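Asks: Each chain, written out:
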Amino acid sequence: MATATAAFTTSELMVVAGARELHDGELAFVGLGIPQVAAALAQRTHAPGLVVLNEIGLADPRPIEFGVGNADPRHWYGASFMGSFSDVMGYLLARGLVDVGFLGALEVDAFGNANATEVRREDGSTRRFGGGGGSNDIASLARSTVVIVRHERRKLVERLEHLTNPGSLDGAGARTRAGLPGDGTRSVLTDKCVFGVDPSSGRLVVRSVHPGITADELRASTGFPIDLAPDLPTTAPPTREELELIREVIDPDRRYTRSF
Amino acid sequence: MATATAAFTTSELMVVAGARELHDGELAFVGLGIPQVAAALAQRTHAPGLVVLNEIGLADPRPIEFGVGNADPRHWYGASFMGSFSDVMGYLLARGLVDVGFLGALEVDAFGNANATEVRREDGSTRRFGGGGGSNDIASLARSTVVIVRHERRKLVERLEHLTNPGSLDGAGARTRAGLPGDGTRSVLTDKCVFGVDPSSGRLVVRSVHPGITADELRASTGFPIDLAPDLPTTAPPTREELELIREVIDPDRRYTRSF
Amino acid sequence: MTKLVPLGEAAALIHDGDHVALGGFSITRNTIALVHELVRRKVRGLTISACVLGIEADLLIGAGCVERLVYSGGSLDRFGQLGRVNEAVERKAIAFEYMSGLALTFRYAAGALGLPYMPIRSMLGSDLLPPLVAAGVAREERDPFGGGPLVLVRALVPDVAVVHAQVADADGNARVLGPRWDNDEAVAAARSVIVIAEEVVDAEEIRRLPELTLVPSFRTSALVHLPYAAHPTAVYRRYDYDADHLRLYAEATRSQRAFDDYVDRYVRSTDHASYLAAIGGEAKLASLAADSRLGY
Amino acid sequence: MTKLVPLGEAAALIHDGDHVALGGFSITRNTIALVHELVRRKVRGLTISACVLGIEADLLIGAGCVERLVYSGGSLDRFGQLGRVNEAVERKAIAFEYMSGLALTFRYAAGALGLPYMPIRSMLGSDLLPPLVAAGVAREERDPFGGGPLVLVRALVPDVAVVHAQVADADGNARVLGPRWDNDEAVAAARSVIVIAEEVVDAEEIRRLPELTLVPSFRTSALVHLPYAAHPTAVYRRYDYDADHLRLYAEATRSQRAFDDYVDRYVRSTDHASYLAAIGGEAKLASLAADSRLGY
Chain A
0 MATATAAFTT SELMVVAGAR ELHDGELAFV GLGIPQVAAA LAQRTHAPGL
50 VVLNEIGLAD PRPIEFGVGN ADPRHWYGAS FMGSFSDVMG YLLARGLVDV
100 GFLGALEVDA FGNANATEVR REDGSTRRFG GGGGSNDIAS LARSTVVIVR
150 HERRKLVERL EHLTNPGSLD GAGARTRAGL PGDGTRSVLT DKCVFGVDPS
200 SGRLVVRSVH PGITADELRA STGFPIDLAP DLPTTAPPTR EELELIREVI
250 DPDRRYTRSF
Chain B
0 MATATAAFTT SELMVVAGAR ELHDGELAFV GLGIPQVAAA LAQRTHAPGL
50 VVLNEIGLAD PRPIEFGVGN ADPRHWYGAS FMGSFSDVMG YLLARGLVDV
100 GFLGALEVDA FGNANATEVR REDGSTRRFG GGGGSNDIAS LARSTVVIVR
150 HERRKLVERL EHLTNPGSLD GAGARTRAGL PGDGTRSVLT DKCVFGVDPS
200 SGRLVVRSVH PGITADELRA STGFPIDLAP DLPTTAPPTR EELELIREVI
250 DPDRRYTRSF
Chain C
0 MTKLVPLGEA AALIHDGDHV ALGGFSITRN TIALVHELVR RKVRGLTISA
50 CVLGIEADLL IGAGCVERLV YSGGSLDRFG QLGRVNEAVE RKAIAFEYMS
100 GLALTFRYAA GALGLPYMPI RSMLGSDLLP PLVAAGVARE ERDPFGGGPL
150 VLVRALVPDV AVVHAQVADA DGNARVLGPR WDNDEAVAAA RSVIVIAEEV
200 VDAEEIRRLP ELTLVPSFRT SALVHLPYAA HPTAVYRRYD YDADHLRLYA
250 EATRSQRAFD DYVDRYVRST DHASYLAAIG GEAKLASLAA DSRLGY
Chain D
0 MTKLVPLGEA AALIHDGDHV ALGGFSITRN TIALVHELVR RKVRGLTISA
50 CVLGIEADLL IGAGCVERLV YSGGSLDRFG QLGRVNEAVE RKAIAFEYMS
100 GLALTFRYAA GALGLPYMPI RSMLGSDLLP PLVAAGVARE ERDPFGGGPL
150 VLVRALVPDV AVVHAQVADA DGNARVLGPR WDNDEAVAAA RSVIVIAEEV
200 VDAEEIRRLP ELTLVPSFRT SALVHLPYAA HPTAVYRRYD YDADHLRLYA
250 EATRSQRAFD DYVDRYVRST DHASYLAAIG GEAKLASLAA DSRLGY
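For the protein sequence lines, the chains are A, B, C and D, in the order given.
Position 192 (the first sequence) corresponds to 191 in numbering that gives the first Met the number 0; numbering is contiguous.
Position 191 (the second sequence) corresponds to 190 in numbering that gives the first Met the number 0; numbering is contiguous.
Position 2 (the third sequence) corresponds to 1 in numbering that gives the first Met the number 0; numbering is contiguous.
Position 97 (the fourth sequence) corresponds to 96 in numbering that gives the first Met the number 0; numbering is contiguous.
Just to be clear, a hint being listed does not mean it is correct.
[Stated by the list, open to error] Computed list of lysine to aspartate or glutamate pairs in EDC-like fashion (alpha-carbon distance at most 16 Å, straight line): (1) D:K91 with A:D169; (2) A:K154 with A:E121; (3) C:K91 with B:E117; (4) D:K41 with D:E66; (5) B:K154 with B:E121; (6) D:K41 with D:D17.
If you're looking for bench data, these hints aren't it; they were derived computationally from the structure.
The model shown is predicted, which means the values in this text are computed figures rather than measured ones.
Starting from the given sequences, assemble the full structure and let the hints guide the process.
Replies: Below, the structure is given as structure tokens:
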């Protein structure tokens, strides 16, 4: 988990890569864990005006510690607005004002569509998870989505068990035809690489590979075919300042950045 | 303006007749002036659980003095709920929970439909008033409406200049056919009589005549044909207790009960 | 990042031809100082909208700033009628869309929810509906789930919503106390929002009770700190309406000539400070102070 | 008129086969004591609904009270999954309608507005939509004003909404602090409302800041005054979630047998007082007290 330049965990690399997906002045939904740490890092570096929304019904919280989820009042502390689900998911998200949703997924397909509902067990039976909640609304109505998923062959799949959260649906232009606003998935962040999206096809393309990950490893752990440019860049590692912020200010208990 | 039993103004008689139209436990919108005094009287006599709503966005105020309109904070004092127009006009009224709206009108027709928009001047030009605001919503969506209007031939008309607030539309069953819930106008209160509605025709019928008003006077001042039963009751006059409440507690400055 | 700007800078965000959703309701929480500034700047061709119009609309229409009106009602309550609004509508001097209060609120709500329309059951069978259908802003349709007739009212997206708040922080988080009529939906629908605040407080104060925030900072384009900016209308928990001035205004708006004289005296030749001096200065304002228990 | 009743009397308002909208969101403001009482009373055949389910739903489903589930998500946050909910859905042991959170909120909103449906643009192109269309609770239609595809989601009208509030007055006016998720719409849509309040205060206190009222008295059918009735979930500004008990619950709900043991110990054989004793009594509750500055 270390490079020649500085020792960092994969989680820390993902936090830094995730933070770079969030821009100053954006309105963002961020999922629990790495997305949240990434948002906190972005706010303390290049994006002080990044505003975080919480579907439970609040905006721009200033948490001083990490909690266990959206429903944990630790994540509500210091909010400038408290109201309802429809205030946030309606009057901001459906209104078209939300720039990005940074969401987890059970599975992601080659078009950046995501499953937040259920997977199939090895015995063929269905394993249900809690459900997508507002994640379909975010993926449907935000200007773009960043999806975070563990890089395994069974999670980066040709065909989703359940298309809960639309990315590019079945290709470029498909969202518009379906009646959806926004661009869908703009990147997929894994523990092995960062995918972007080819605007002409709507398909995921590897944008950068994490340090130490080989092309073969990437292909073997991805359930859909991927093209790898020969000069593929390496995901930029965390700077010393970023690591200090993560370790000393944002996640001193190392709840989310110890390992992925 | 006095009867043999006790001296009272026509306004006081109308307040008392209006109060009788409001029942305990009802949710009501009440217009400024006599309807408001009537609601206050009803709350202090037979209808302590009458709840008044204000379209500006509040419920169950306990005003300690009369103000100049819905927008006057005097009418907001002591409210149990403050929110928005849509909380009150949507989540209560459109939801079907409002029992009665007690509304003024520029004109009323034989079906209890009301005009809250404009009248024609003698020179044929249009005289516009402020507009109905939420009164169409109330007349459309409340279970019933009580309309208060000055009893003049030019105000109780065969054909409205503008049908702003539906009563029975053009007859029994017409509301349902139009897609409206509720029964429409359940009574029309004037300075000469109280009209009820014949459920078989949807037309106004005189339910009681105010003390001292003759049948001829009533016919002459009504712009549509009316049937008058020979044994038509007289509108019950205010009791001593009611007069005391009006004069000493509810409207001690006699803003609305001096004359009509 | 501060959103605080002088009044003129906020007014400059409103351009000729814009659609402005007005925040007042009859004689309460009108953005008077901002409207005065728009009159002084001779803004033209506005569309204005509000459920229940107050002096805001009357001033703008009387001063010739307005081309189109979207509304459901309006008055000076018992002080009188909005003479300039009513006369402009009577004479068809401006275009207008007149509908029920809930219909207008729902049109804002549709805009605020990114929807093309909202269904509603108001206005069925009334004379309100046909002109709206003719203008293409409403349709009568049957419920596709098998129910009866419905009205679909088209989304309304103002360019700017203006709203008066009791309190804001410098970031532009605005708190409103008391009823909010159509403010939530109008603010949420609008492309940009101008807040006029009686008082600017620390961000911590807003974030102590964020349940009362009407406009979050990231929705606020400009914040103007201007005490008594709603005079002569009431601001709940701050000051009462000025009955003397409302009577004077109600009289003035009965004719265009008297209105013009009013505007010359109280608007065109003033700024906010000299307006407050003209209406009676500190003695008058002190007499309007709200009782902290009553709220007025 | 007081709406105060004992817990059992409130629970008796929920009948076999009713549709109950649950007020909690994951590990916050769940109406635990009321749900315990429903489990003890062996209510059967319920439809339950909530945007984001918590222990409320898991207990009712695990105890066999539920026939149909309407929801968008749910969990114990990082403590784990709602084992009984997920297993029932996996095995199709109950009927379910699964949709996006905004779709469910809009379905309540349509019920609350007396409308047959609300339009929405969520769920287009996803696997969420076809089962809802097949079940007759959603349709895909084109915008009749000429725009693109829309989903129409059908109104939802619960028989009873249950909600936990920090504070209420005896008349049944209930104040909620903090975010309200789908509470506004669910309460407004429901035919009747049961409020469980941590504290009952004078009516004057509620009417001092009525902007915070979630449920006005005339919408409240029954009010139960029961401190710690949301334990082990959090009540903002009152007490934190009980992490120890949530861990214990998360473990128990992984299998029906462990769940049954949990219910025997903590629900069936208890009333609210003995439940609180069983989870650690006053010492535990004191340890959960919210910091007045932080709110948790």
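Asks: Taking the numbered hints from earlier one at a time, note which ones the structure violates and give those numbers from smallest to largest.
Replies: The structure breaks only hint 1.
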